[in-house]
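Protein sequence lines, in the order shown, are assigned to chains F and U. The numbers in this note's numbering rise by one with no breaks, and the one at position 283 of the first sequence is 283. The numbers in this note's numbering rise by one with no breaks, and the one at position 124 of the second sequence is 1124.
I should point out that these hints are in silico values taken from the structure, not numbers from a laboratory. Hints are not guaranteed to be accurate.
Stated by the list, open to error - Chain U stretches covered by chain F per the calculated footprint, using a threshold of three residues with CB under 8 Å from any CB of chain F: (1) 1008-1019; (2) 1080-1089; (3) 1103-1110; (4) 1146-1154; (5) 1198-1204.
To be verified - To give an idea of the interface, some chain F residues facing chain U are shown, with a C-beta separation under 7 Å as derived from the structure: (6) Thr132; (7) Gln172; (8) His182; (9) Gly183; (10) Leu185; (11) Thr282; (12) Arg283; (13) Gly284.
Said to hold, decoys possible - Residues of chain U placed beyond 12 Å of chain F at every Cβ, according to the derived structure: (14) Asn1097; (15) Leu1098; (16) Ser1133.
Computed from a predicted model, the values in this text were never measured in an experiment. Even glycine gets a Cβ: it sits at the ideal position worked out from N, Cα and C.
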Amino acid sequence: MAYSRLRFGALPLLMLFALPLLAALFFMLADVTSRAGWHGLWQHPQLWGGLALSLGTAAAATLIAFFLGVLIGASVFERGLLARLSRSVAAMLAVPHLAFAIGLSFLVMPSGLLARLLAPLMGWASPPGWITTHDPYGVALTIALACKETGFVLFNVLAALSRPETALAFRQQKAVAQSLGHGSLSIWLRLFVPQLWPSLRWPVAITFIYAATVVDMALVLGPTQPPTLALVAWSDLNSASVGDNARGTAAATLLALAAALVLALARLALHLMRQNLHSWITRGPSQRALPSWLGLAKWRGLEVIFVAVVLCLIILSLAPLWPFPDLLPLQWNGAAWGEAFDHASPLWLSLALALATSLSALVLLLLWFEGVDELHDKLMLALSMVALALPALLLALGQYKLLLRLDLTGTVAGLYMVHLMPVVAYMFIVLRGPYRDYDARFASAAAALGRGRWQHLSRIKWPLLKAPLASSLAVGFAVSFGQYVPAQLAAAGRLTTLPMESVTLSAGANRPLTAAFALLLMLPPLLAFLAAGLAGRNRWRAA
Amino acid sequence: MSLLLEQFGVRLLGRELIARFSLTVEPGEIVTLMGPSGSGKSSLLSAIAGDLAPNFTSQGSVWLDDEKISATAPEARRIGRLFQDDLLFPHLSVGENLLFGMARGPRAERQAMMKAALTEIGLEGFERRAPHSLSGGQRQRVALMRSLLSNPRAVLLDEPFGRLDANLRSQIRSSTFELLKRRRTPTLLVTHDAADVPEGGKVLNIENGVVTHA
């Protein structure tokens, strides 16, 4: 019985997700263990500078994101504003990294909105001589990553805090700790952060690996002389020379190993400091309160940055002429939008891929959840974590080699395959908890009322689970829509998706068109999250 | 030290939940407040401790001897609390739970106090154990000791024996009362079980929001 259930429900997901993933891993390992390319890499002049930049920007961005995320989460929990915040965090997560980076670069560039706002105060008549994007230390890249990943950390903090048993336990522990003389800051640092840490350390590790190996954001904002090691690898991987490709593979491998080493060292340091941390936790009460202005002010600050980025993109996309100190352009026209829609095939391709992958992933996951015992979830969870935690650069390399064998490079089918992988991984992680927590007694109750399995699913279970189902679809859609690295390799220059087109444009000088494309990259995922929020709403309202 | 409630009451969204009443709890005295569940007993204790949920408000004042504390932050009131659940912090060992509320000071001194306290509740050598490895009765004793080690000026007990099984209950009950009396801590106990009332102790009834002397 158990065997046959595993076979039928599991087959589609195993065939379309697990098998290609394992094959890609196999080709990736075959590639990264080959000795070609390493010799060239050691002699690459940008190797060490690039490595330091990659790890440094990633570490700084991860630390900032962790502290801001926890702090904002704390202040929101204290004020009971969890539900209200969750929606804007979801919106923030939905914005693709690339679109945010393009918007931020326009916001802070010397002739950007920020400089124009400052101009009257500083008496500037011409753009200031500051170097904001592509600065040699990666400050712009770090800030962009930190802003974006704070949302991710916060999302995980809120997810942990909104579990009913955690929220209840924390409220009770808070009452006890207060009676023992601890103020809110002490309660957070000594009680809540240590207890939240187990559910935050994977998100933090994933953030770090992502930041250390990010390609699209670094192309738009990162330093160039030298660039981050991820970009060194990327330009080699996109070269026509086989020797360069091998060197790129070696660089990507080295970067992944170095990032893993940093994480291992951080883990070791925490382990060694365990005793000191516990002495600090138990050294006695402190009545200090959470700084009341800090959390929400920071959150508003983040929101302001996101809104300013969008505003800046909207103005630029409508303004071919925008003399410097003026806050608003002299004239508006929609020429860039006309041009964007004349060349809209990347948009349609990305939309089609996002719809196809998220919908088919949902079908695959429902077949799995309904047909396979919960015991086997562990396997799928492990594969999903591998797909998410591995640097996109390396995994994309394996996927590309797999597509070469299948003769699917440069085809829509190949693009579908490489988009489906991260979509399934994210959706599995998002959906598993709510779906498996569904109270099985509803099924018995429905059966007792003479309803068949299908009627139970369509009339009771799925309607009850519509909020998590809808938001997992939105997550899948957004993940697919933002894919750059695997798409660029798999397309082999024959097809163009929206992120690829946006990267190309951002290297050029046509700012209105670039802004229009960045907005096109931003809007569909936001709409998807908005739609998911509406679809998931209860028909009744809580009092 | 004694605990005084003066014309004290609780309101929910402006509606009266517990009518104003006055009460004095002398040093070492254990006053019992009896009432059915849902009668607002727990809200009354939260009001005294100062951490009422939003929408609840308290009226009147709370005094510890001649210090009025009803406007003080909850963490500065130094009122100990015990709940039905022991609420030991799961990420800390038994010993660390005890240290958590102890005033700051030299490390060796605090460690010695913690160990002596464990001996006092019959758990000598348990300091490195995880809370979940203890029995329910042992955990409740640790929770009480954790509260006492923070030197509370008064203690509020919210059905602290409710989760213990019957044969353990009377034993934990008498050891709890003994510890509290020995430290001369004024104590307010809330329960719906008449068996929890200490021998010869003062009892108040709470019914339909009105507190009356039994």
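Failing hints, ascending? 1, 5, 6, 10, 14 and 15
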